[in-house]
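Novice: The chain contents come next:
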Amino acid sequence: MLPAEMRSVAAIVATWVLPGAGHWLLGHRVRGSVLLASIMGLWLLGLLVGGISVIDHLKPLDEEWRMGRDRPTRARSFWYYGQSLVAPSLVVHRFHMARQAPEQPLAPEEAIDEPRMVMPSFAHGYELGQLFTAIAGILNLLAMIDLLWRVPAGKGQAAPGSTTGGVRRRPLSSTSLPSADTVPEAAGTRDQRSQTTQAEAGQEHVSPKDDEVGPTSAPKPQEPPPTGEAQANEQRRREGEA
Amino acid sequence: MIDASVQLAGVTSPILLWIPFMEPAGIPFSYLVLLLPLVLAVSYAYKAIKIEHVDGLAREGLVLSGQILFFMALAAAALWMMTDLW
Numbered sequence: 058m059l060p061a062e063m064r065s066v067a068a069i070v071a072t073w074v075l076p077g078a079g080h081w082l083l084g085h086r087v088r089g090s091v092l093l094a095s096i097m098g099l100w101l102l103g104l105l106v107g108g109i110s111v112i113d114h115l116k117p118l119d120e121e122w123r124m125g126r127d128r129p130t131r132a133r134s135f136w137y138y139g140q141s142l143v144a145p146s147l148v149v150h151r152f153h154m155a156r157q158a159p160e161q162p163l164a165p166e167e168a169i170d171e172p173r174m175v176m177p178s179f180a181h182g183y184e185l186g187q188l189f190t191a192i193a194g195i196l197n198l199l200a201m202i203d204l205l206w207r208v209p210a211g212k213g214q215a216a217p218g219s220t221t222g223g224v225r226r227r228p229l230s231s232t233s234l235p236s237a238d239t240v241p242e243a244a245g246t247r248d249q250r251s252q253t254t255q256a257e258a259g260q261e262h263v264s265p266k267d268d269e270v271g272p273t274s275a276p277k278p279q280e281p282p283p284t285g286e287a288q289a290n291e292q293r294r295r296e297g298e299a
Numbered sequence: 247m248i249d250a251s252v253q254l255a256g257v258t259s260p261i262l263l264w265i266p267f268m269e270p271a272g273i274p275f276s277y278l279v280l281l282l283p284l285v286l287a288v289s290y291a292y293k294a295i296k297i298e299h300v301d302g303l304a305r306e307g308l309v310l311s312g313q314i315l316f317f318m319a320l321a322a323a324a325l326w327m328m329t330d331l332w
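Taken in sequence, the protein lines are chains Z and U. According to my numbering, the stretch in the first sequence is residues 58 to 299, in order. According to my numbering, the stretch in the second sequence is residues 247 to 332, in order.
These are computed hints drawn from the structure, not numbers from a lab. Honestly, I wouldn't trust all of these hints.
[Claimed, not checked] Covered stretches of chain Z, as calculated for chain U (at least 3 residues, CB under 8 Å):
| no. | stretch |
| --- | --- |
| 1 | 134 to 144 |
| 2 | 179 to 186 |
| 3 | 189 to 197 |
Please read these numbers as outputs of a predicted model, since none were measured by experiment. From the three backbone atoms N, C-alpha and C, an ideal C-beta is built for every residue, glycine too.
Using the sequences plus the hints, can you model the full thing?
Specialist: So this is what it looks like as C-alpha cells:
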C-alpha cells in the first residue's frame with residue numbers, strides 16, 4: 058500500500074492524464090465519473106467545434122500565419138497553458154503540429170502524396186474551441202487540487218458520525234503531512250469548516266500555523282479559542298472595567 | 247509552384263467530407279446554444295468536488311446551472327437596458 062503522499066501524487070498524475078481518474082483511484086467513483094464526463098465532455102466539445110487546430114502553443118497573428126508563414130514571429134498563446142492541464146491536449150498538439158500546412162508551398166505532385174493537413178479554424182469556432190478546451194483544463198486543475206485534501210474512500214467516509222466525505226483536513230506537505238490513516242476527521246464539511254468557528258472545531262481545527270508544526274512536535278493541549286461573540290463579551294467586560 | 251492558399255483549398259475537404267475533430271464544425275445554430283453544455287460541465291465539475299455526499303449531485307448540479315443561466319440572463323438584460331434604453 059502506498060503512503061498517503063504517494064497516493065495523492067499518483068492520483069494527481071492520473072487526473073492530469075485522464076480527468077476523474079484520480080478520484081476513481083481513491084475510491085470516489087461517482088465523483089470521478091462525473092468529473093470525467095463533465096471535463097472530458099467539455100474538452101471534446103471544444104475540439105469538435107473548433108477542430109484540433111484550437112490547441113496550439115502559438116497564437117495566430119494574421120492571415121500569413123494561416124498560410125504557414127512567419128511562424129517564428131508568433132507569440133505564445135496564453136490559452137495553451139490552460140489547455141495543457143489536460144494531458145491529451147499535448148497529444149493533440151503534437152498531432153496538430155505534424156499536420157500543419159508546410160512552410161513552403163508544395164509542388165502539385167508532392168501535394169498529392171502529402172497526408173491530409175489540418176484545416177485551421179476561424180472566428181467563433183476557433184474562439185469557442187479554445188475557450189472550451191482551456192476551461193476544461195482549469196476545471197481539471199480544480200480536480201487535481203481537490204485530490205490534495207481528499208483521503209481514499211473508506212477512510213474518511215466510513216467512520217461513524219463522520220461528515221467529511223473523504224476530505225482530508227490539511228493540504229499535502231512534504232514535511233508535515235501525516236498519514237491519511239492518522240488524520241482525525243474535522244468537525245464538518247469544508248463548507249461547514251469555513252463557516253465554523255474555531256471553538257466549534259475545538260482541538261481538531263487546523264490553522265495555517267498548524268501546518269508549520271512538524272509531525273514530531275508534541276501535541277499541545279488547546280483551549281477552545283473564543284468565538285466572535287465571546288470576543289465581543291470580553292471587550293465589553295474590559296470596557297466596563299475601564 | 248502553386249500558391250499556398252490554392253494548395254490548402256485543394257487538400258481540405260468540402261463540407262460533405264467533414265471529418266470530426268480534424269476540421270472545425272460549421273455550426274448551423276446560434277453559438278449561444280453552446281453556453282448550455284459549458285454551464286452544465288462547470289456546474290457538475292464544481293459540485294462533484296464541493297458537495298459532501300454524492301446522492302444529491304444530479305439535483306444540485308442542475309440547480310447551480312439554472313442559477314448561472316438565470317443570473318447571466320439578468321446581467322444581459324441589465325446591460326441591454328443600459329446600452330439600448332438609456
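Novice: For each hint, tell me whether it holds in the structure or not.
Specialist: Each hint tested on the structure:
no. : hint       : in the structure
1   : 134 to 144 : violated (count 0)
2   : 179 to 186 : holds (count 6)
3   : 189 to 197 : holds (count 4)
The structure fails to meet hint 1 from the earlier list, while all remaining hints are met.
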